[in-house]
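Let the hints inform the model, and build the full structure from the sequences given.
Number of protein chains: 2
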Amino acid sequence: MASLYLDEGAELAAVAAGDVVRLGGPEARHAVQVARVRLGERISIGDGRGTVVTGPVLESGQGELAIEVAELVREQPATPALVLVQALAKGDRDELAVQAATELGVDRIVPWAAARSVSRWEGAKAEKGRQRWATIAREASKQSIRAWVPEVAAATPTARLPELLAGTRLLVLEPTAERGLAQLELDERPLALLVGPEGGVATEELARLTAAGAEPVRLGPTVLRTSTAGPAAIALLSARLGRW
Amino acid sequence: MASLYLDEGAELAAVAAGDVVRLGGPEARHAVQVARVRLGERISIGDGRGTVVTGPVLESGQGELAIEVAELVREQPATPALVLVQALAKGDRDELAVQAATELGVDRIVPWAAARSVSRWEGAKAEKGRQRWATIAREASKQSIRAWVPEVAAATPTARLPELLAGTRLLVLEPTAERGLAQLELDERPLALLVGPEGGVATEELARLTAAGAEPVRLGPTVLRTSTAGPAAIALLSARLGRW
Numbered sequence: 001m002a003s004l005y006l007d008e009g010a011e012l013a014a015v016a017a018g019d020v021v022r023l024g025g026p027e028a029r030h031a032v033q034v035a036r037v038r039l040g041e042r043i044s045i046g047d048g049r050g051t052v053v054t055g056p057v058l059e060s061g062q063g064e065l066a067i068e069v070a071e072l073v074r075e076q077p078a079t080p081a082l083v084l085v086q087a088l089a090k091g092d093r094d095e096l097a098v099q100a101a102t103e104l105g106v107d108r109i110v111p112w113a114a115a116r117s118v119s120r121w122e123g124a125k126a127e128k129g130r131q132r133w134a135t136i137a138r139e140a141s142k143q144s145i146r147a148w149v150p151e152v153a154a155a156t157p158t159a160r161l162p163e164l165l166a167g168t169r170l171l172v173l174e175p176t177a178e179r180g181l182a183q184l185e186l187d188e189r190p191l192a193l194l195v196g197p198e199g200g201v202a203t204e205e206l207a208r209l210t211a212a213g214a215e216p217v218r219l220g221p222t223v224l225r226t227s228t229a230g231p232a233a234i235a236l237l238s239a240r241l242g243r244w
Numbered sequence: 001m002a003s004l005y006l007d008e009g010a011e012l013a014a015v016a017a018g019d020v021v022r023l024g025g026p027e028a029r030h031a032v033q034v035a036r037v038r039l040g041e042r043i044s045i046g047d048g049r050g051t052v053v054t055g056p057v058l059e060s061g062q063g064e065l066a067i068e069v070a071e072l073v074r075e076q077p078a079t080p081a082l083v084l085v086q087a088l089a090k091g092d093r094d095e096l097a098v099q100a101a102t103e104l105g106v107d108r109i110v111p112w113a114a115a116r117s118v119s120r121w122e123g124a125k126a127e128k129g130r131q132r133w134a135t136i137a138r139e140a141s142k143q144s145i146r147a148w149v150p151e152v153a154a155a156t157p158t159a160r161l162p163e164l165l166a167g168t169r170l171l172v173l174e175p176t177a178e179r180g181l182a183q184l185e186l187d188e189r190p191l192a193l194l195v196g197p198e199g200g201v202a203t204e205e206l207a208r209l210t211a212a213g214a215e216p217v218r219l220g221p222t223v224l225r226t227s228t229a230g231p232a233a234i235a236l237l238s239a240r241l242g243r244w
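Taken in sequence, the protein lines are chains G and D.
Per the UniProt record's numbering, the first sequence starts with residue 1, numbered consecutively.
Per the UniProt record's numbering, the second sequence starts with residue 1, numbered consecutively.
Mixed in with the good hints there might be a few duds.
Said to hold, decoys possible - If the Cβ cut is set under 8 Å, some of the chain D residues that face chain G in the computed set are:
#  : residue
1  : VAL69
2  : LEU72
3  : VAL73
4  : GLU103
5  : GLY105
6  : ILE145
7  : THR203
8  : VAL217
9  : GLY220
10 : THR228
11 : ALA232
12 : ALA235
13 : ALA239
14 : TRP244
As the list claims (entries may be wrong) - Far from chain D, by Cβ distances over 10 Å, these chain G residues were calculated:
#  : residue
15 : VAL34
16 : ALA35
17 : ARG240
Treat the hints as calculated values from the structure; they're not laboratory data.
Even for Gly, the Cβ is constructed at its ideal location relative to N, Cα and C.
Okay, here's the thing in structure tokens:
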């Protein structure tokens, strides 16, 4: 079944069963021209803000689609929230992490300008980078038919993470940490997983983070790539928090 | 610290502390010429069969390396074993799964010629494909400094999986399954995770597998890409089996 999203900002919060929902823009054009969605076919439309409606296509043409709302699902955001603080990394390793973590259910993503991040988002690149990650998160949400698209924050340096994530328990993935994420006692606080770049978290950076209350934790006995660590941690925590 | 592997087939089983281990071939050449390993520097050499030796470099030159064994670690294979049966998939999605699952500790990998696998390994391509996955598993083991490199089987069609994996509990990842992997009761049997291609496991294929004793299980509430599902399942099971 095809699954589409409304344009960013548009919401389905006020829609009720039996209503007709219209979709325009590139999403609808793609559905009509590439995915060849047909009259009468059942499709899902989400707003990425908790609501997904499903129903048959009533009109389709010239890049417009209308469906009748036969089914309506509203989801509350999951609690406690899971945040991925992913260091900017070489190649597409950071983007792979964003994609997989979104499929696995992460709630919020913070691009982390870490001490050893080789890739830098500066000046005009900063907003472009954020938008690119937001698009990846949106596409991955669609692929996995998620009701909520994770929000992507602006790139944040180490010194500003504790303030940005006030009230959230900060866990720094660090292969040499004594405590394992699998054994960690969890409570009601939202959790943020900090995943360093390929070169790891720098010594002074780790000291600064722990001084601000962050806890170093290990994920298994091996050293993981930056694209593997975050998604694996999200999988483990989703199971431990009873989301799965 | 640099980490190298002996050529495939060579073993460190008979080595003792104080011995000198010599390494030749492309691995040693790469260490000397690219990674610029120096005399006196501590490096690790593994055989991928459970033994890793660590010690200072005694000789280095012309693509040869010798180290003195200062430290010697022998690891038993983990039990119960975790097997990833990964469907051949489009793009590099199957290879990404092999890479991440190896970092996370998978013990054996079976390339699965599934009903909906678009990619096919036939004729001369079959052994080439297997070798490519074996190389990816070896490189990923090195990256994560694993004592054991997972073995990669030949590509296997659905009908032959139950025989190949006799004595192993078969779990088919299927988004519509009622039982979740997170809730599954585990015992001493080795576990094989079957991950279908992008189009999923075909209906008749699933019926055939369940008739042979395989159990459909779900991983979370969303639909996952083939590159995400296997690594996430390995992470979850590693934690549940007390490996992490």
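Here is how each hint holds up against the structure:
1. VAL69: violated (22 Å)
2. LEU72: violated (17 Å)
3. VAL73: violated (12 Å)
4. GLU103: With a minimum Cβ separation of about 5 Å from chain G (threshold 8 Å), the hint on D/GLU103 holds.
5. GLY105: With a minimum Cβ separation of about 6 Å from chain G (threshold 8 Å), the hint on D/GLY105 holds.
6. ILE145: holds (6 Å)
7. THR203: violated (16 Å)
8. VAL217: Because about 11 Å separates D/VAL217 from the closest Cβ in chain G, which is outside the 8 Å limit, the hint is violated.
9. GLY220: holds (4 Å)
10. THR228: holds (4 Å)
11. ALA232: Since chain G brings a Cβ to about 4 Å from D/ALA232, closer than 8 Å, the hint holds.
12. ALA235: Status holds, d = 4 Å.
13. ALA239: holds (4 Å)
14. TRP244: Holds. Min distance 4 Å.
15. VAL34: holds (17 Å)
16. ALA35: holds (15 Å)
17. ARG240: violated (8 Å)
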